[in-house]
Amino acid sequence: MNAEEFKKIKGIKILQKYNLPQPKTIFIFDFKKQEKEIDDFLKNKRIVTIRSDKRGQTDFCPLSVGCPKNKAKQQIKKLIPKGYVAILQEYIPIRSRVSGNILILKNYILVELMGTGPLSLLNREGKVEEQVKLKRGNLKEVEHFGKRLISKKELVKILKLVKRVPAYKLLEFTLRSKGLYFWQMRDDKTAKELDI
Amino acid sequence: MGEPQQKSLIFPLKPWFWTGVHKIKMKKEKIILKGLPASSGQARGRVKIVNFLKELGKLGKGDIMVASFLPPDFISFIKNNSRIAGIITDKGGVTCHAAIVTRELKIPYIAATFYATKKLKNNAEIAMDSKKGIVYEC
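Each protein sequence line maps, in turn, to chains Z and L.
For the first sequence, the residue numbers in the working numbering are 114 to 309.
For the second sequence, the residue numbers in the working numbering are 6 to 143.
If you are wondering where the hints come from, they were derived from the structure by calculation, not from laboratory data.
Treat each hint with caution, since some may be false.
The list that follows gives simulated cross-link-like pairs (lysine-lysine, PhoX-like), each with its CA atoms no further than 20 Å apart [unchecked claim]: (1) Z:Lys305 x L:Lys35; (2) L:Lys137 x Z:Lys248; (3) Z:Lys246 x L:Lys84; (4) Z:Lys276 x Z:Lys126; (5) Z:Lys302 x L:Lys111; (6) Z:Lys191 x Z:Lys146; (7) L:Lys84 x Z:Lys302.
With the rest of the complex left out, here is chain Z (with noise of 0.2 Å):
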């Protein structure tokens, strides 16, 4: 199975290429081939996180954001005979600082906040509480919308990371205070109209 025809897996992937930090993370294909590196991967993990990708499916499959140890192969399991690939990665605990999305545009980063909680809560349910528009360029913040989650300063160290991205890339991180952790990068060439 070619896992680059999975976006998903893609966008998790090509997170190395930019030297951006994320979560230990392994994917399964094949549930009896892999079923060693689980093992393996399990050790010393009390609760893992367990995301899905299917080929032409990109939005809304199953997540178990935090799955006991003991249930994770069970879920697994369950995934793979339905199309699934696993995503088996480390679990950030949902006390998360600040969780959300930076949109790259052509001259500008928009970068949308919600505070505690899974990021699934932003890019499924809506809940934004916070949007900050800056300048590519120089980082200086545009526009603003909502209360404040996280300081100018903390915000523009994060995009200094991202500054190597091209427009149109969606990147979804997590902010801890143990760290930082970027989940993915998207393709969003819908943002382009967003580019005034």
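Given the structure of chain Z, go ahead and fit chain L onto it with the hints provided.
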């Protein structure tokens, strides 16, 4: 008599087919709501407030759907029903899945109005300019 005013060789007004967008004449006196421009365009139509999946059936051609947000079930419906003129939600933003889908389908969408489901009344006629993120009273 002075020289006659030189007339432009170019059309004085751009016809709608030049811009690719049919601009709707709007009575812009009264702004009812403001939100985030999530998918640009203009629309005019009757408000249909949708709280539950079963209420999606009441959306007629040219209606403006008003909801708290667009969960996955609503998005599947919208993908299969191009009759909706526009969408306004209380929550949401520009990078949510819902916003990306509306931009793909070229449906005007204003997100994060906070009060759309409370302030707008069913069957009221409104106009929306989702490039500016503004909802007007008609």
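Structure-based check of all given hints:
With a C-alpha separation of about 30 Å, the suggested pair Lys305 of chain Z and Lys35 of chain L falls outside the 20 Å cut-off, and the hint is violated. A distance of roughly 19 Å separates the Cα atoms of Lys137 of chain L and Lys248 of chain Z; the hinted pair therefore holds under the 20 Å criterion. This hinted pair does not check out: Lys246 of chain Z and Lys84 of chain L have alpha carbons roughly 29 Å apart, beyond 20 Å. Of the supplied pair hints, the one linking Lys276 of chain Z and Lys126 of chain Z holds, its CA atoms being roughly 18 Å apart against a limit of 20 Å.
Proposed proximity of Lys302 of chain Z and Lys111 of chain L is supported: the alpha carbons are some 13 Å apart, at most 20 Å. Our distance criterion of 20 Å between C-alpha atoms is met by Lys191 of chain Z and Lys146 of chain Z, whose separation comes to about 16 Å. Straight-line distance between C-alpha atoms of Lys84 of chain L and Lys302 of chain Z comes to about 18 Å, which keeps the hinted pair within the 20 Å bound.
When the structure is compared with the earlier hints, violations turn up for hints 1 and 3 and for no others.
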